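Put chains B, C and D on the given structure of chain A with help from the hints.
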Amino acid sequence: MKKIALAVTVLTGILLLYAAQDFPAWGDLQSPASASPVSKHFIADTGVDTEVPNMVTAVLADYRGFDTMFETVVIFIAGIAIIGILRRTGADADAPALKRENEIAAEPDLIVTNTVRLLVPVIQLFAFYVLAHGHVSPGGGFQGGVIMGASFILVALAWDLPKAMDRLSVDRAVMLAGVGILIYAGIGLFSMLLGGEFLDYAELSHVLPVSREMARYHAMLGVEIGVAFTVTAVMFAIYANLSTRGRLEGGL
Amino acid sequence: MTVEGFTVFAGAALFVLMLPALYRVAVGPTSFDRLVAVNVIGTKTAVLLVVIGTLFGRLDMFVDFALAYALLNFVASLAVARYLNRTRSMPAKKPAKRRTPRKKKARAS
Amino acid sequence: MSMDVADSFVGGFSLDLGFLAEASVETIHSGLSALDVCGMILASVGLVFFLGAAVGLYRFPDFYTRMHAAGKGDTLSSLLILLGFGLITLDDFSMVGWLLVVKLLAIVLFIMLTSPTSTHALMRAGFEDGVEPVTKGSSSKNTKKEGES
Amino acid sequence: MSENSIALIFVFPLFGAVLCALVGRKSRNLCHPIAVASLAGALWGGIETLRRVIASETNEVSYYFGGWNADAYPRGVGIEFRADYLGALIMLVVVGVAFLVAIYSKLPVAEETPEKEGPFYTLFLLQVTGLAGICLTGDAFNLYVLIEVAALTGYGLIAMGSARAAAATFNYVILGTIGASFYLLGVGYVYMKTGTLNMVGIQEVITANGLADSAAMQVAFVFICLGVLIKMAFFPFHAWLPNAYFHAPTATSSLLAPLVTKVMIYVMIRMTLTVFGVDFSFENTLWTEVIPWLVVIAIVCAATMALAQRDVKKMLTYLIVAEVGYMVGGIWVYNYYGFIGSIFHIISDACMTLCLFLGVGIILRKRRTTHFDGLRGLFRKMPFTMGGFFVGGFSIIGLPPTCGFFSKWYLITGGMLAERWEYMVALMFSTMVMVVLFFRLIERIHLAVTESGENIGHGHGDLALPESETFFDEAHWTMLVPLLLSASVVLVIGIFNQDIVNLIQDFLEPFDLPKGTGR
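Protein chains in written order, with my numbering: chain A, 30 to 281; chain B, 146 to 254; chain C, 124 to 272; chain D, 24 to 542.
Hints were generated in silico from the structure; no laboratory data involved.
Note that the structure is predicted; figures quoted are calculated from it, not measured.
Where is the CB? At the ideal position from N, CA and C, for every residue including glycine.
Certain hints may be false.
What the hints assert, rightly or not - Distance ranges between label pairs, derived from CB positions: (1) A:G224 to D:F462: 54 to 62 Å; (2) A:P66 to D:A78: 24 to 32 Å; (3) C:L222 to B:L167: 43 to 51 Å.
Isolated chain A (complex conformation) (with noise of 0.2 Å):
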């Protein structure tokens, strides 16, 4: 089976390494690809219809919107799937917990807790910083999301988890992360009810007193937010039910 598996890796390889000889040159400006319309658009026009700086964020919040709006789906997914599968329920959770063989629980570390202590607020104030300056730089909701989540992980390896779940539960992660879609699809469904199609954030103007681009620029911020919520709670409640086998208690 491991010959198979590698004599099909061998053959994909090839395959794609033949298949790259006919890429087009580098900065060919008659290859289809450059020639396209759709980078050009990109390129030239995406301070004109949004007024963001920073282009790739304008083609993930904006012009590909839908695709972030499922991809932060697949997020929320992920968490709802782990906690749907690990989650102890009824007579299981009673059943007592399963003891590895002559486990130690392991005890706060003096050193670990104090630097810990001193880190976290500067990590979610990083975090929030990230996640606002995703319009000129790179940074957005998935990576302040990320940075948050950790900062809440990071409580719960220094103590343990009951200590960091005092300060966000699993049942609130899943109310925030479900809230985070709905601040997304949220947006995207008040555009389409103020006329235009889903996700078309110019339409906001008619209800903020900005022009069309700048509601485009707005939106995006509110998008943002939205994604950070979802990934900041996935995080913590996956790495709470992973640790503990779905007990959320004691953790790792």
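Same frame as chain A, but now just chains B, C and D:
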């Protein structure tokens, strides 16, 4: 020697000096040795990101990457240390060499 | 690695890196200011420390000594290299430059705090797990050979 | 509201899913009504969309997300949903099947995954969102994202059952990920060469620049087809399907079995016809020669393995693999009638598989087993349920006037006109096998015969069973009504098959497929 030349040199040197650490990751012999080496590589990757940022002239973007990377590296090494500390199967009364497969040693010597 | 070797090394890559040079005109000036020189010296010292850490990681006989090399050399070298590049970035004293240096200092501070902490956590985990240190009478043969192989 | 009908198809389930997740912990009883209501909304949107497609002059309706419409901006800047006859029909099947399963799932979900209604219905609704989106999207990368949505929810839904289900999911996760990766690699290569992700845009660039000979495009085509074939459990890659669907909870297998493989076949049709174009896909001689033979092997092997099963649910999972072979064969014999058969078979197979799985779910709930031995005396006990189940069975065999007969008729016609005799022989063989299978089942269900052939009692039929085993005990109405509805849909589609075939013909007309004999 220009600043640009030095930057390229520093980046290359960082990369080359990561190789001994990579050797430690591959060879072990205990999983803690591997972890130390992974931690070193992680920290140095954050530094390498800053170096690359200087080279590209887009340090404003790359410092954010580096900070996020250093943060995640810290979380990862804490998590693994915590995991290994928790899942040991014997109390530490009698220090015993574990996680050191004999066969590997024989092959290495 | 001597300096002229490094120069030839750079020269070998200059063809590929041509487009980088154009992109990086703003930050990197052709001339060398005093700050640049200071920064390069700092970063070089940092690289030397990293060399020490790497050699220690490769050569030392057991977990604790390797940890020692890695924990100290790695932290200090990271700090020095980052500070060095901070000075290099600062050379035009622009507002953007200052902002970047502040961010770099944040990374320096962060690594200064986290790297010893994670070293400590790993060390403790290793100790409680019963990793055996090499002592005078113990069989250092095995471990030594591993380092050399 | 009508011009947004395409958006409504997934807006309703998406918001329903989030609502289920929010209320799921506190008030679990609300989840089922929310799911049914949001799917009813989606069904309304789907019917409205099909009506608009029929009413439009070009036979297709486009919807541009974010308002990046093709008039003001270059095509492909934003994401486009295109509903033509093919997409709209299959989307309607997806939403309709999901609606029936949602009604049906009230009792099984409460019993099999207790206290997890919230997560279950969340994943259920998102699964429908993903599958319906796949049918409508006009963007190759968006298709990938939606495939991932459908796949991830599928893993979650299957693994939520027993511990064995979780183990069976593992294979599915591995193979599903490999398939998705192949598809993504292919899309990456296509983007590299064409510079656009819009399906119509890709087709335009291919014809305008003569990219048919390009090595990168051909490798991309092979990768995309390979990924889709893995995802649809085509024969050598089918290993994940039987175990995963067999161990899955009842509601999950009733939703996934009729839809997932069929939707992936839709993706293959979409890729070959709309994206790469007929010439590119079928003039590629090596590929076109190989696949029909693979199809033959697939059908024969899957039918044989189905014959070896002693469990109804397991047998049905192997039949799904065989049916996948039918439809892939219908595409790759490269004939107009083969395509009609393939598309029509997607629709009819979804309906009849739904019918069979709903029936099996009821049997499983009543008898706690689906082994052949547990079936005796069922007809006397649940005449309506078994009646519906038999309609599905007759349709899979291909008896008129069920829809299975007509789709199989077109498939065989296509094979005959393309002179693919091996494909026809395989079809005939598998039909024989299904006859054997289902009449064996009918015998078990009607008569008091055990697996070893031994008669219980002395008389004929289930009259010989003691009264305690044959008293009238019909299934709960929430389970019975969807089953009977799906059985009647099987019959209705069969009777009004010409209307649907007309729509399919309207869709296929512009593609200039060979209609007669000889290639």
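List of violated hint numbers, smallest to largest: As far as the earlier hints go, only 3 is violated by this structure.
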